[in-house]
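Q: Chains as they are written, first to last, in the numbering used here: chain A, 1394 to 1911; chain B, 12 to 182.
Among these hints, one or two may not hold up.
Derived SDA-like pairs: lysine to any residue, alpha-carbon spacing no greater than 20 Å straight-line [said to hold, decoys possible]:
(1) A:K1900 - B:M14
(2) B:K88 - A:N1667
(3) A:K1580 - A:F1795
(4) A:K1728 - B:K88
(5) B:K22 - A:D1725
(6) A:K1597 - B:G140
(7) A:K1728 - A:E1814
(8) B:K22 - A:I1567
(9) A:K1900 - A:F1795
(10) A:K1728 - B:M14
(11) B:K88 - A:I1567
(12) B:K22 - A:F1673
(13) B:K124 - B:N81
Which bits of chain B does chain A cover? Going by a derived footprint, with three or more residues having C-beta under 8 Å, they are [stated by the list, open to error]:
(14) 14-23
(15) 54-66
(16) 69-77
(17) 83-89
(18) 118-124
(19) 142-149
(20) 161-174
Think of the hints as simulated: they come from the structure by calculation, not from any bench.
Virtual Cβ for every residue (Gly too), placed ideally from N, Cα, C.
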Amino acid sequence: MTQSDLQFGLLAGAMPVRVATATEAQWTSTAQAFADARHRLVALWGSDRRDAGEGFVVVAAYAAPDGLACVRLPISSEPPEYPALSTRYPSAVRMQRALFDLLGVRARSIDDEMSVDQRPWLRHAAWPADFFPLRRDTERVLNLDARQEHYPFVVVAGDGVHEIPVGPIHAGIIEPGHFRFSIVGEKVLRLEERLGYVHKGIDKLFDGMTLSEGHRLAGRVSGDSTVAYAWAYAMAAEAVTRCTVPSRAEWVRALLLERERVANHLGDLGALGNDAGLAFGLAQFSRLREQWLRLNGEVFGHRLLMDCIVPGGVATDPDASAIVQIRQQCIDIEKEVLRLRAIYDEHAGLQDRFQTAGIVTPELAARLGLCGLAGRASGQAYDLRVDFPRPPYDGLGVKLAFDTRGDVAARVAVRFDELIESLRLIRLIGDELPDGQVRCSLPSIDGDSFGVGWVEGWRGELMVALEADASGQVRRCHCHDPSWQNWPLLEHAVLDNIVPDFPLINKSFNLTYSGHDL
Amino acid sequence: MLMLMKQVLTKGICTEPPPKVTDAWHIDGAHMQDSILALLGRALTIRHIDAGSCNGCELEIHALNNPYYNLEGCGIKFVASPRHADMLLVTGPVARNMQIAVKRAYDATPDPKLVVAVGDCGCTGGIFGESYASCGRVANVIPVNVAIPGCPPPPLEILRGILSAVTSTHR
């Protein structure tokens, strides 16, 4: 750890995760040191540990070169406050707002020059401002009536400037959220997002579940990333119980994760063609995606692979004939994808829409913390499968997809590269899948404990942090999606573009609403 | 462009042929065509609303438009406004933050209108249930004609639900 006086202790578990408890001064100095060393802020969340004598605890997780560094800050002040991270890490702004909405712990400005955004984020007017669902002395409240409330969007004024409000219900088959465009002519001067519409209280629902049942809920944080979340949850539960998963189960998990990546990239590549006016692309790619999902259904029993990963292993075990089918499908789909890529690349109309649309420069991406697939298209060379390869990825030699253009074309190119790479990985996994058991039962735990799961989903790195009590129940489970980091960058990517290009730019990021709103 | 043309010509049409007469789907399909002509004129228009879904149901609704299911070939089309819609296809438990939007979309849909709730969450609230943040099933917020179980229901089940709604109205 660079320039931090904190003593980090290594946690049990599949990924390298370290934890340290900080004082307020250390919390701030560590954030500064990590920001200077360009460590990424992965997540920020809070927990009510008043019953354990620690007061409220906020936790920040940073990605350092040697793994994930979790810094805990117990808070004893009343009203509870902590020094804001947003001065060093702009991506913390919305996480701080959400943390207050759910736990009632406020971020305090550490710099007289910079105020901290205190507007509500996940709480709209549907429940009272003094109701904090994650406080352990708060009863679940039913039969609240939703009201309308005023939300202070930032207003752009000037000659000919006007606003276009979009949503929460959007015009396509997509998730809900609100976009407020300030435009002049057709040009976007400013976009402000307002999310939180699909907040379902997931963090609260985990409270009191047994460790071995939480994967179902984690698998429904974001339907397109069900494998990644279920794996991250399982990884956290296995860290908490010090469970060693059978080798074959880890290989099958990687197989499922790569199949999820392929399914999403196939869907997105078609939709991106369509949004740029090439309906042919949607027809072709959605045909391939359907073939892919049908084989998922046949082999694994679920088209989207929900509930296939369970704590202790996997609930599905492909036999030899299934592996043959899977391998053959990879070969067939690869041929078609290469052909379609050539068609996309030579299509002048399509490339005209893709290139230079929605640019996020590598400098901006680094400063604001763009991560995952979109980050790799803007020069941010991070991929957990490459940076911290754990079995089976340590033997597969994952090739990082990378681009520095930062436009829609780059995000399309990264998708193509990752798709082809995942097809290779799946074939390799099929070749080398070890024999043996695919599931074991979770050992019981011997006290209050903490574990983390950290997985490179198709959208980027996602994290599940789990606190369990001695009886094997979940005390607190926090799921973090890379969309938290990437949504604010969409506001930048769309600047100076024309309004009709917004759907295309938005699709090129394809961020989750449900996984963000929780 | 040559490559594109070649791809179109060699892949042809993969829309699956209608099932045999003994197959329940075919019967539903027939009902639907009659019902649509009798009740709604030339086509059924659907406005989809995600009221709080995890996005799993959306993925399968999207699949209905792929060449295998070719929903538009049946005369069923997704539209951008509830004012243009005959049917609301609602997914998810209704998040409290979406309650007002869902009610308004329902009120904006002209009569006669149908509401189909999609997925376990739409049917019962599913894994999310009722809480400070969730109103539970769709029927807790707006009237529902048909509720399709499944997590998520596969495309054919969603199609069955859409057709069932139209058929029951016809009777």
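Q: Going through the earlier hints one by one, which of them does the structure break, listed in rising order?
A: The structure breaks hints 1, 3, 4, 8, 13, 17 and 18; every other hint is satisfied.
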